[in-house]
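These protein sequence lines map, in sequence, to chains A and B. Heads up: the first sequence runs through residues 1 to 350, numbered per my numbering. Heads up: the second sequence runs through residues 351 to 606, numbered per my numbering.
Quick caveat, the hints were computed from the structure, so don't treat them as lab data. A virtual CB, placed ideally from N, CA and C, is assigned to each residue, including glycine. A few of these clues could be false.
[As the list claims (entries may be wrong)] Here are the simulated lysine-lysine pairs, DSS-like style, with alpha carbons at most 27 Å apart:
id: 1; chain 1: B; residue 1: Lys550; chain 2: A; residue 2: Lys200
id: 2; chain 1: B; residue 1: Lys375; chain 2: A; residue 2: Lys200
id: 3; chain 1: B; residue 1: Lys370; chain 2: B; residue 2: Lys557
id: 4; chain 1: B; residue 1: Lys554; chain 2: A; residue 2: Lys200
id: 5; chain 1: B; residue 1: Lys557; chain 2: A; residue 2: Lys200
id: 6; chain 1: B; residue 1: Lys357; chain 2: B; residue 2: Lys370
id: 7; chain 1: B; residue 1: Lys554; chain 2: B; residue 2: Lys595
id: 8; chain 1: B; residue 1: Lys563; chain 2: A; residue 2: Lys200
id: 9; chain 1: A; residue 1: Lys125; chain 2: A; residue 2: Lys323
[Stated by the list, open to error] Covered by chain B, per the in silico footprint, the following chain A stretches (three or more residues, Cβ under 8 Å):
id: 10; segment: 50 to 57
id: 11; segment: 205 to 217
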Amino acid sequence: MKVLMRGNEAMAEAAIRAGCRCYFCYPITPQGELVEYMARHLPRHGGVFLQAESEVAAINMVYGAAAAGARTMTSSSSPGISLKMEGISYLAGARLPAVIVNVMRAGPGLGNIAPAQGDYFQATKGGGHGDYRLIVLAPSTVQEAAELVMLAFDLSDRYRVPAMILADGMLGQMMEPVELPEPILPQMIPPKPWALTGAKDRAPNVVSSFDLDPYRFREILRALWEIYREIERNEVRWEEYETGDAELVLVAYGTMGRICRTVVRQARREGLRVGLFRPITLWPFPSEPLRELSHRVPVLLTVELSAGQMWEDVRLAVEGRAKTPFYGELGGVVPTPDEILSEVKRYVRG
Amino acid sequence: MSVVEAKVPAGFVPVYTRPKSLSEKRFTYCPGCHHGIITRLVAEAIDELGIQERTVGIAPVGCAVFLYEFFRCDFAQAAHGRACAVATGIKRANPDLIVFTYQGDGDLAAIGAAETIHAANRGENITVIFVNNQIYGMTGGEMAPTTLPGMRTVTTPEGRDVRITGYPLRMSEMLAQLDGPAYITRQAVFDVRHVQMARKAIVKAFKNQIEGKGFSLVEIVAACPTNLHIPPVEASRWVTEQALKYFPLGDLKVRD
Chain A
1 MKVLMRGNEA
11 MAEAAIRAGC
21 RCYFCYPITP
31 QGELVEYMAR
41 HLPRHGGVFL
51 QAESEVAAIN
61 MVYGAAAAGA
71 RTMTSSSSPG
81 ISLKMEGISY
91 LAGARLPAVI
101 VNVMRAGPGL
111 GNIAPAQGDY
121 FQATKGGGHG
131 DYRLIVLAPS
141 TVQEAAELVM
151 LAFDLSDRYR
161 VPAMILADGM
171 LGQMMEPVEL
181 PEPILPQMIP
191 PKPWALTGAK
201 DRAPNVVSSF
211 DLDPYRFREI
221 LRALWEIYRE
231 IERNEVRWEE
241 YETGDAELVL
251 VAYGTMGRIC
261 RTVVRQARRE
271 GLRVGLFRPI
281 TLWPFPSEPL
291 RELSHRVPVL
301 LTVELSAGQM
311 WEDVRLAVEG
321 RAKTPFYGEL
331 GGVVPTPDEI
341 LSEVKRYVRG
Chain B
351 MSVVEAKVPA
361 GFVPVYTRPK
371 SLSEKRFTYC
381 PGCHHGIITR
391 LVAEAIDELG
401 IQERTVGIAP
411 VGCAVFLYEF
421 FRCDFAQAAH
431 GRACAVATGI
441 KRANPDLIVF
451 TYQGDGDLAA
461 IGAAETIHAA
471 NRGENITVIF
481 VNNQIYGMTG
491 GEMAPTTLPG
501 MRTVTTPEGR
511 DVRITGYPLR
521 MSEMLAQLDG
531 PAYITRQAVF
541 DVRHVQMARK
551 AIVKAFKNQI
561 EGKGFSLVEI
571 VAACPTNLHI
581 PPVEASRWVT
591 EQALKYFPLG
601 DLKVRD
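I would like the entire structure built from these sequences, with the hints used as guidance.
Encoded structure:
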């Protein structure tokens with residue numbers, strides 16, 4: 001059965017269905033509905049909803065709940081995510097699974113509350129300090145947002161790596177019919193023998209990201225990067241639309257990916273051979289399939305609600321085999337399909 | 351590092367032994383530092399209450415950063431100042447656990463002031479051990495929010511000038527004004543009598559949690575001989591003659 005839901009609400013409901021029982025937050029627009037939904041619904045499922053005194057406190061409460069073995073989540077928007085970055089680095093260092101939702105808005109600074117994609121670098125390149133990665137999932141519809149929240153909990157638990165949902169204000173606010181995923185059963189959550197549950201009949205567990213010995217710490221990080229390599233091998237996700245005969249492929253994610261889908265349809269109606277490559281995992285980035293595409297598609301046009309951040313990963317994947325122009329908007333301005341189509345027409349003719 | 355236990359001659363009974371809750375790991379505290387006494391008192395309290403198997407500690411950033419190596423119970427290492435938020439997450443996720451933080455004055459009263467105040471204000475059912483030695487010890491003796499007026503530190507080489515850096519922050523007095531906390535007390539460990547009083551206070555702070563009474567904090571005014579650049583005995587005297595002027599001992603809030 002489909003229900004009409006806002007993106008923020010669908011992500012909250014999906015988290016509950018994924019077994020999230022500890023949610024810590026601090027209010028910020030445009031993700032307010034996620035907080036409100038959790039406040040209303042999570043306690044009814046026996047979960048903990050707690051409004052913290054700051055984003056810094058909220059992410060550290062997530063650290064605590066994750067350490068205790070709970071499925072746990074926090075959500076925020078760009079300026080708040082910046083504040084959470086310290087805690088996210090500690091989560092990554094301590095190998096704690098957790099889900100962080102970023103409903104992006106325009107920045108830098110206070111910016112505004114309009115949708116943007118300026119936090120790509122922060123999410124995918126390690127916004128906090130140190131050598132780490134997050135699993136970063138970018139939904140482009142409300143349906144996909146719900147599904148990726150479920151997936152984020154699974155991947156995070158499986159690899160003991162924090163996962164981020166990189167959405168934006170458009171996706172958070174829009175309402176769409178959504179088929180909600182089935183709730184998981186508690187026994188589907190993998191056992192966590194490392195969790196802090198009290199050292200009864202076993203040696204004490206320690207959750208820490210600290211080691212003063214550089215040689216020992218190097219080995220810990222090497223093991224962590226082995227996990228990252230495994231994630232890169234197993235978890236790359238992307239969608240291709242009309243790329244088979246395309247002379248130009250738009251590369252876009254999230255809300256921009258969705259708008260570019262419309263652009264492809266319009267272009268095709270006009271006889272232009274245009275396709276879409278939409279990364280779903282931003283880390284691990286789908287470099288291989290994009291490289292494949294660059295062997296046969298002469299133009300890969302990256303479109304983002306930023307000054308060009310994912311664009312760098314596109315160029316790294318393509319390595320000059322195809323033209324890689326960029327089109328983007330700044331400050332929370334969302335381009336129309338017509339505007340993008342005009343840009344497309346600079347490179348292809350019918 | 352292993353510890354050589356003294357052989358007990360026949361006919362003698364050891365009365366001072368290593369608490370069950372402490373590991374074999376030798377403390378990394380400086381000679382004469384009060385942390386060693388306080389860490390042991392916490393372990394004794396855990397033993398006395400028989401809660402070792404359900405206790406989770408939160409190690410701070412600072413001189414007690416290796417706390418998780420000293421104790422024989424589950425431990426989380428927290429970011430600087432965030433111990434009370436981490437403790438909140440653990441306790442809320444699993445209320446059956448006994449959760450305590452152990453923090454210095456830089457950790458609890460400067461960078462973690464917000465987390466501390468709000469955990470206290472929520473009446474979070476946790477136990478907080480607050481070691482106030484008026485200085486940042488581990489990083490090399492910088493001014494703390496609790497540094498006394500006129501006190502020389504590496505960042506106040508001419509002595510703390512209150513016109514520039516303000517006054518010693520009395521965290522316990524501030525917290526005692528709130529409705530949330532169940533127990534706020536200030537203790538010291540510079541002599542045997544005070545060690546015994548501090549021990550009782552720590553036991554009470556854990557007992558409160560077991561009984562669900564809520565946020566309990568034991569502040570302990572301590573000495574850092576290393577950064578005061580004086581011998582341990584003088585450092586203890588310094589606590590009584592200088593620090594206690596700003597940080598008077600006693601219960602600040604007891605809710606029964």
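Right, here's what the structure says about each hint:
1. B:Lys550 / A:Lys200: 26 Å, holds
2. B:Lys375 / A:Lys200: 20 Å, holds
3. B:Lys370 / B:Lys557: Given pair lysine 370 of chain B, lysine 557 of chain B holds - Cα atoms ~18 Å apart, limit 27 Å.
4. B:Lys554 / A:Lys200: Answer holds: lysine 554 of chain B to lysine 200 of chain A is near 23 Å, not above 27 Å.
5. B:Lys557 / A:Lys200: 20 Å, holds
6. B:Lys357 / B:Lys370: This hinted pair holds, its Cα atoms lying about 18 Å apart.
7. B:Lys554 / B:Lys595: Measuring from Cα to Cα gives roughly 25 Å; hence the hint holds.
8. B:Lys563 / A:Lys200: The hint holds at about 25 Å.
9. A:Lys125 / A:Lys323: Distance of about 24 Å is within 27 Å: holds.
10. 50 to 57: n = 6 at 8 Å, threshold three: holds.
11. 205 to 217: holds (count 6)
The structure shown violates none of the earlier numbered hints.
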